[in-house]
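> As a plain string of letters, each chain reads:
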Amino acid sequence: MGFKTDYARVHGSGSAGEGAHHWWSQRMTSVALIPLTLLFIVPFGRALGSGHDAFVATYSNLWHALVAILFIIAVFAHLQQGLQTVLEDYVPNKAARTVSLLANTLLCWAFGVAGVLSVASVLFSA
Amino acid sequence: MADVNRGNRPLSPHLQIYRLPLAAISSILNRITGVGMTLAAVLIIWWFAAGAFGAGYFDFVDGLLTSILGHLVLIGSLAALWYHMLNSIRHLIWDTGRMMGVEIVEKTTYVVFAGTVILTLLTIIII
Chain A
909 MGFKTDYARV HGSGSAGEGA HHWWSQRMTS VALIPLTLLF IVPFGRALGS
959 GHDAFVATYS NLWHALVAIL FIIAVFAHLQ QGLQTVLEDY VPNKAARTVS
1009 LLANTLLCWA FGVAGVLSVA SVLFSA
Chain B
19 MADVNRGNRP LSPHLQIYRL PLAAISSILN RITGVGMTLA AVLIIWWFAA
69 GAFGAGYFDF VDGLLTSILG HLVLIGSLAA LWYHMLNSIR HLIWDTGRMM
119 GVEIVEKTTY VVFAGTVILT LLTIIII
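In order, the protein sequences belong to chains A and B.
So the mapping is simple: the numbering used here equals the position in the first sequence, first residue as 1, plus 908.
So the mapping is simple: the numbering used here equals the position in the second sequence, first residue as 1, plus 18.
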């Protein structure tokens, strides 16, 4: 206890060690994903299975490329946050938890950036 | 004196014998759908990367995603997507302190379940 104020004792507490930041950040990506998913899903579904020309035609369009890139960023930010919460809940071993959290963050960045680069390269090479 | 009956006492109901209430099922389903969609996310990135790489490789990946198994995974993920979105909208409403009574939660759970089925079918028809 000592001389710490109540605020100082709880500051940075929580499973992620950073208070409410993670919770709030996850709400922001959730809200962003509502319109982005609705905008992404139809052009994606129509391009799926329609051949490479249709794929290039869809994603060389600036609007569709923008929607796809924003969607991919929001998805992998949200996926990283969600999987982090699940790992923190279900992996009790400290070492396994640290390693799995690290892998989660790195893989989400890798797949997210790969997706953004892929869409951008279709947009700029068409 | 030590408790001679230690380890052999009746336990409170736990997950194996306890039928999960509706709210618990809808709650854990949000996690299951969220984690489950990881596969679809990775597949879709693979599809985009293949499309950027070239027509030949794209046809291979596109063919895998539109095979019977691919369709099974993607339509399952589509249902998971709508469930996760509808249930998370409910969570966002709960975050403001609204609609948290037992009866209203039960009602909105059925709305989420029905909405998932309707939106999944609707998306398949539109696409």
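Check before you lean on any hint, since a few could be wrong.
Partial selection, computed: residues in chain A whose CB lies under 7 Å from chain B [said to hold, decoys possible]: (1) G953; (2) F963; (3) V1021; (4) A1022; (5) V1030.
Hint data in this document are derived by calculation from the structure and do not stem from the laboratory.
Backbone N, C-alpha and C define an ideal beta-carbon position, used for all residues, glycine too.
> Which of the numbered hints are not met once you compare them with the structure shown?
3
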